[in-house]
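Visitor: Could you build the full structure based on these sequences and the hints that come with them?
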Amino acid sequence: MKISIAAGLVMLLSSAAAADFPRFPVRRCSDDAVVAGTVCLDKYEATVWRVSDPTTTNVSLVRRIRLGTARRDDLEAGGAIQLGTDVSYEPCARDGQNCTDDIYAVSLPGEIPSARISWFQAQEACANAGKRLPTNAEWQVGVNGTPDPGPDNGTTDCNSETGEASLTGARTSCVSARGAFDMVGNLAEWVADWVPLSTNCPGWGGFSDDAMCLAGASETATGPGALVRGGSFVFSFGSTTAGPFSINGTILPGGSTSSIGFRCAR
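Note that my numbering has the sequence shown beginning at 794, numbered continuously upward.
To be clear, the hints were calculated from the coordinates, so they are not data collected in a lab. This structure is a prediction, so every number in the text was calculated from the model and none was measured. Here a beta-carbon is modelled for each residue, glycine too, at the ideal position from N, C-alpha and C. Since no wrong hints were added, every one of them can be taken at face value.
Label pairs and their calculated CB-CB ranges:
hint, residue 1, residue 2, range
1, S881, T949, 26 to 34 angstroms
2, G903, G938, 21 to 29 angstroms
3, P995, L860, 39 to 47 angstroms
4, R821, N891, 30 to 38 angstroms
5, N891, G923, 13 to 21 angstroms
6, N946, V852, 43 to 51 angstroms
7, S881, P989, 24 to 32 angstroms
8, R856, G1016, 29 to 37 angstroms
Guide: Structure follows, in C-alpha cells:
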C-alpha cells in the first residue's frame, strides 16, 4: 500500500513537472492582432479615437475596443472621432496628462494611421484600450520576415518613399512572418524603451543599410530618447533606409512628427 501511494505521488509530481516544462508561448489573439512570441501584437498601425461618455453611454463600445472586436461602424455609431490625421489630441496633452478615458488605440485595416502623437499620448491610447506599447524586443519579434525595401513600387511594397502614409494593410507585400502589416515604412513606430538621447546615426555598417541612430549620447539634453522603429514613408532617418532593423533614439518622448505613429501589444 505504501509503495503504491509513493509510486502514485512520484507519477503525479512527474506529470506536473512535465506539464510545467518546457513552457511554450502558445496563445490565441483577437482578430486585430497576431501572436509575436509571448504577446499579442496589433496587426495594424494604430488609429486613435476620442470616445465620448466612455464610462456611461459608450461603455459597451469601450468593451469592444478592449476585446479587439470594434470596427469603424461601431466607432462611428458611438460618435467616436478619429484623431491624428487632421484633428488634435487635445485636451490629451503631449505629456500624457488628461488622457485617461479619452483616447483609444484601435487596430483596423484600410485606415489612415494616426500620427503627430507623442510617446506619452501613444502610451495612454494603448492603456485606455487595455494594451501597452510593445518593448523593442517584442517589436523585433513581430517585424521579423517583413521584406527589407528596395525601390518602392508604390502599390504592394513597404511604403518607404512616397512622402505620405498609406492605408493600413494596403501594401499587401509589407507583412511580417507573423502577419503584422506596415512594420517597415509607412509610419515609424514608438516602442516602450527609452535610451540616452542620441545625436548621431552611424548606421549598421555591413550588417544592414537600415537606419541606426544610437550613438553620441547627448550631454545637454533635457530628456531621454524614446526608441522609434521601422522607418517611415520619408526615406527613414538621415541618408539610410527604412527596414526591419531601423532604430532611432534621437527623439524626445514628448516630441511628435507626421511620420511617427505606433501600434500596441497586450
